[in-house]
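If you read the sequences in order, they're chains G and V. Per the numbering used here, residue -1 is the first one in the first sequence, and the count goes up by one each step. Per the numbering used here, residue -1 is the first one in the second sequence, and the count goes up by one each step.
Think of the hints as simulated: they come from the structure by calculation, not from any bench. Each hint should be verified, as a subset may be incorrect.
Note that the list lumps identical chains together, so a pair holds whenever it fits in one copy or between two copies.
[What the hints assert, rightly or not] Simulated crosslink set (DSS-like; lysine-lysine; CA at most 30 Å straight-line):
#1 K264 with K123
#2 K123 with K82
#3 K82 with K25
#4 K190 with K82
#5 K25 with K190
#6 K25 with K123
#7 K264 with K196
2 protein chains.
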Amino acid sequence: MVRERRHLSPDALRALPVALDAMGGDKAPAEIVAGARRAADEGVPVVLVGPPELVGDTLGLDLIPCTEVIAMAEDPATGVRRKKDSSLVRSAELVRDAEASAMVSAGNTGATMAAALLRMGRLPKVSRPCIATPMPRPGRPPAVLVDSGANVECTPAMLVQFAQMASVFAAERYGSTEPTAALLSIGEEPSKGTPLVKEAHALLAAGVPGVRFTGNVEGRDLLDCPADVVVTDGFTGNVALKTAEGALRFAMRLVLEVLGRDEETKVAGDVLLPHLLGAAGEIDPEVTGGAMLLGVDGVCVISHGSSSAVAIANALHIAHDLAVAGLASRLAELIAEEG
Amino acid sequence: MVRERRHLSPDALRALPVALDAMGGDKAPAEIVAGARRAADEGVPVVLVGPPELVGDTLGLDLIPCTEVIAMAEDPATGVRRKKDSSLVRSAELVRDAEASAMVSAGNTGATMAAALLRMGRLPKVSRPCIATPMPRPGRPPAVLVDSGANVECTPAMLVQFAQMASVFAAERYGSTEPTAALLSIGEEPSKGTPLVKEAHALLAAGVPGVRFTGNVEGRDLLDCPADVVVTDGFTGNVALKTAEGALRFAMRLVLEVLGRDEETKVAGDVLLPHLLGAAGEIDPEVTGGAMLLGVDGVCVISHGSSSAVAIANALHIAHDLAVAGLASRLAELIAEEG
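In isolation and in its complexed conformation, chain G is listed as follows:
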């Protein structure tokens, strides 16, 4: 049955709705439902999932009712195990049962991962699913950081699979024909880094199907990255991702403080602010649409907890497009090739 689901035709997938966890995210349900409405108006079939009394007005969209919600701070494993009728678990089941083409949640990241993994299952031969997060590159498609938080402990073979899956994702999502992939380390030389990094380097340098390996990159390369895919373990990836986010927010605060300093800077700020916001918008996670869980048997988009309606609408578009493009099948094919 799993096999058949993955082999649904593009037309069949196109007709299926994307399941959206209406209760996930700091701004749920209002912004989430508004994002769904927006995507639906733009042609993406969407179905909301959540307890009707909590979701409230669905703005005319279909709602699959459930009775529970896994909270943002709840322990993911416990939440998914106990709350079998939660919006997250039910969303994943809709994908499993081929009643939805994909799922999207801005809620508890760990629980989203656990629900997707437990209900959709892993793709054959995938050792561990991983989270791929877009990193901004102004003027060109984002680079993909993988794993940005799913697997705290990794083996070299896992990093190799992450590189493969993220390369397929970069090609499908951003149209890179031959995406390049690099390892995140603390120097460009193959001798730099932890044993994990050095062993993964050796494996990737020896040649891996679907991966165009270009060597190591450093933390300073993560934004406007020279490689299309950056591979690391989920601990380092999560620290690096949050450090980059924090530093950009820190810089923005400094700039805004300067603009508001006195009358003269305020006048100058009025001229510059629209431009600055435009530039900031280009690198905003709202626009990039969130992270993707790769390696599960279905499409699962993990949106930022602070997602607004715009971010949710973008995530729904991406989820729909990738489901129709057969992302899971493409990943399964490549990983199967190797064995």
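Using the hints provided, position chain V relative to the given structure of chain G.
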């Protein structure tokens, strides 16, 4: 003899020069020598170390001649082993022999570490020296990130010592009376992170002399950090440090691009640029004076490779002050307490 050197009186240390690797850094020797001149004019005794024919004009400062230089890209261990008459090795020897109070280099970081470790030696009971790097907090003294690159592989006990040493450093360098210390992880809960982080968390939470442990922080907290000291292994620390540097530089490029966009933004930019540069200056590694190698038997400042004269002068001031304050003795006392 080692013991006696560490127990030199503040007056004796104050009279000794700081040894400065005249050939270290991207802008060596011109900016390095200029920085030395500047610090000397401000009352810091300095001695340059380098090959006279390469250093050139010493601007009236004393030069300890040597015959070799370890290049920026050279393998650290090999460089230090083979080039016994290099500016780096000789600088470390001057500290060892109590002919200098401290050493400063903007050169090859690994080689600086190796030279300091091999020539000065470790402090008693210190398992591994570590690199402490200041992280900007506008309006208050920087936080200290440790280890930012010396030890790629760490044990929980090593992280505990890093916390101790960095707490002494934060107190001596920034006058924090009871500096707080946090662990870098991927969530605030003690259950988050690698086994290394979780075990270090347990040890620190149980109570460690000289450390006021406040729990975990995340990557997003590294700039304007709530804790005075952030502890991590040298791989994660180096990735995080370089990610933060890269993100700030990326943000600055975006802002400058906006300022130069058209006639109107240029006029507004002329008003704002001095303010923006002022704000950037506050968080500039040039001002913070570079990183500190903690745990060796002497004071060793590792300046940024791109250091200008200003950065070098700052580093010399810091090295001198910390040597006079007896940093190495203070560290040795605290670490000895525990055994």
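Hints, one by one, checked against the model:
no.	hint	verdict
1	K264 with K123	neither (58 Å within a copy, 56 Å between copies)
2	K123 with K82	within (27 Å within a copy, 53 Å between copies)
3	K82 with K25	within (23 Å within a copy, 63 Å between copies)
4	K190 with K82	between (45 Å within a copy, 24 Å between copies)
5	K25 with K190	between (42 Å within a copy, 25 Å between copies)
6	K25 with K123	neither (37 Å within a copy, 52 Å between copies)
7	K264 with K196	neither (51 Å within a copy, 47 Å between copies)
In summary, the structure is inconsistent with hints 1, 6, 7 from the numbered list given earlier, while agreeing with the others.
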